[in-house]
Amino acid sequence: MTHSLDSFAEQKLAELSASNLRRALTETDRSEGIWIRRDGRRLLSFSCNDYLNLTQHPVVKQAAIAAIRRYGAGAGASRLVTGNHPLFADLEARLAGLMGTETACVFGSGYLANSGIVPALVGKEDLILIDELAHGCLWAGAQLSRGRIVGFRHNDLAHVEALLDEHRRAHGKAILLTDGVFSQDGDIAPLEELVALGDRFDTWVMSDDAHGIGVVGQGRGATFATGRDARVPLKMGTLGKAVGSYGGYLAASAPVIDLIRNRARTYGLTTGQPPATVAATIASLEIIATDPALVERPLAKAKAFAASLGIPEPQTPIVPIIIGDEMATLNASRMLADEGFFVTAIRPPTVPRGTARLRVLITAGHPDDEIERLATVIRQRVPRSDAPAGG
Numbered sequence: 402m403t404h405s406l407d408s409f410a411e412q413k414l415a416e417l418s419a420s421n422l423r424r425a426l427t428e429t430d431r432s433e434g435i436w437i438r439r440d441g442r443r444l445l446s447f448s449c450n451d452y453l454n455l456t457q458h459p460v461v462k463q464a465a466i467a468a469i470r471r472y473g474a475g476a477g478a479s480r481l482v483t484g485n486h487p488l489f490a491d492l493e494a495r496l497a498g499l500m501g502t503e504t505a506c507v508f509g510s511g512y513l514a515n516s517g518i519v520p521a522l523v524g525k526e527d528l529i530l531i532d533e534l535a536h537g538c539l540w541a542g543a544q545l546s547r548g549r550i551v552g553f554r555h556n557d558l559a560h561v562e563a564l565l566d567e568h569r570r571a572h573g574k575a576i577l578l579t580d581g582v583f584s585q586d587g588d589i590a591p592l593e594e595l596v597a598l599g600d601r602f603d604t605w606v607m608s609d610d611a612h613g614i615g616v617v618g619q620g621r622g623a624t625f626a627t628g629r630d631a632r633v634p635l636k637m638g639t640l641g642k643a644v645g646s647y648g649g650y651l652a653a654s655a656p657v658i659d660l661i662r663n664r665a666r667t668y669g670l671t672t673g674q675p676p677a678t679v680a681a682t683i684a685s686l687e688i689i690a691t692d693p694a695l696v697e698r699p700l701a702k703a704k705a706f707a708a709s710l711g712i713p714e715p716q717t718p719i720v721p722i723i724i725g726d727e728m729a730t731l732n733a734s735r736m737l738a739d740e741g742f743f744v745t746a747i748r749p750p751t752v753p754r755g756t757a758r759l760r761v762l763i764t765a766g767h768p769d770d771e772i773e774r775l776a777t778v779i780r781q782r783v784p785r786s787d788a789p790a791g792g
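Quick note on our numbering: the sequence shown kicks off at 402 and runs consecutively.
Since the hints were made in silico from the structure, they are not lab data.
All of these numbers come straight from a predicted model, not from anything done at the bench.
Just so it is clear, CB atoms sit at the ideal spot from N, CA and C, and this is done for glycine as well.
Misleading hints may appear alongside valid ones.
FRET-style restraints, in silico, Cβ to Cβ [stated by the list, open to error]:
no., residue 1, residue 2, range
1, R569, R754, 29 to 39 Å
2, R569, T627, 20 to 30 Å
3, N485, E773, 47 to 57 Å
4, A415, R439, 20 to 30 Å
All chains should be modelled from the sequences, with the hints used to inform the complete structure.
Set out below in structure tokens:
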């Protein structure tokens, strides 16, 4: 039995290697923030989601240390048993205030959140519409629900309307799933328009704002990107990117959150987040709420970077450089490392075939002269495709 298992694994790994899609872990020391150490080299990283550089903020770290001293290293149990330590109430109240909802609940990660929320709300008799470029954890949640899954073309409102008109009446409940900010392209979903369609067809809209909170909409995320609340009823996001900590959340009405706490397996059947993590998140959210200049900095720097490259102005600090070919993308990433930059090569299945890319993530702490130097090297030495980012 073990021999057949190993043979299967080796065959699949060989197939991945032949397609230039095999991945490997590399130890990375981030103790210097934007400067990392990998494979014996010190590189300036443009591949970290720590948009506000809060993972190394002294106030955030001190909050985590103080929480360990007071409450210990772990929660010790599910939140539904004895793991609901006092810090959770503060965190969830802050998230609800930031998102403009009655309340919120936090999960161990964004993946756990989406894997638990969707099956808690819809089932096999229900309809799930999902953007074709939505994050894999939204797709996982949809699949776990056993509902009828129908994908729609990326950010295509006409397609959404047509699909709802075609399928909605045949199903009991309906939910529409989308990223708020799309992680590989950096574009923002048309949330106000999607909510309007949801109202018209009695379909609940859920947005995954992992890459929006802290950096767009004055720090409140993609649901506030236009300057007003898009009224998304299910505002989901993560706490491990701009917030600089770890975890996922859902901000919604009180009845919905109560139901999620009762029905989401990924909420109730797992240990609660450690006190240090929750305390760090609270400290980060306080910084986001009180330092608007910090919140605005990543996008401003990303716009300057794009202007130097002569590409369209980004909506977020995510700037994709589409190359197309997987090997050419890997080679470009290696060349940039030789120049002192770490920029990850993003390949299928993370992105559609033919759209392999360098994904440049700009943070508040990146020096302007280094951003310009990166743009110059890319402009002069990286072949770029005319293919649209979303494929």
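Hint-by-hint comparison with the structure:
no., hint, verdict
1, R569 / R754: 29 to 39 Å, "32 Å, holds"
2, R569 / T627: 20 to 30 Å, "26 Å, holds"
3, N485 / E773: 47 to 57 Å, "49 Å, holds"
4, A415 / R439: 20 to 30 Å, "26 Å, holds"
Checked against the numbered hints given earlier, the structure satisfies every one of them.
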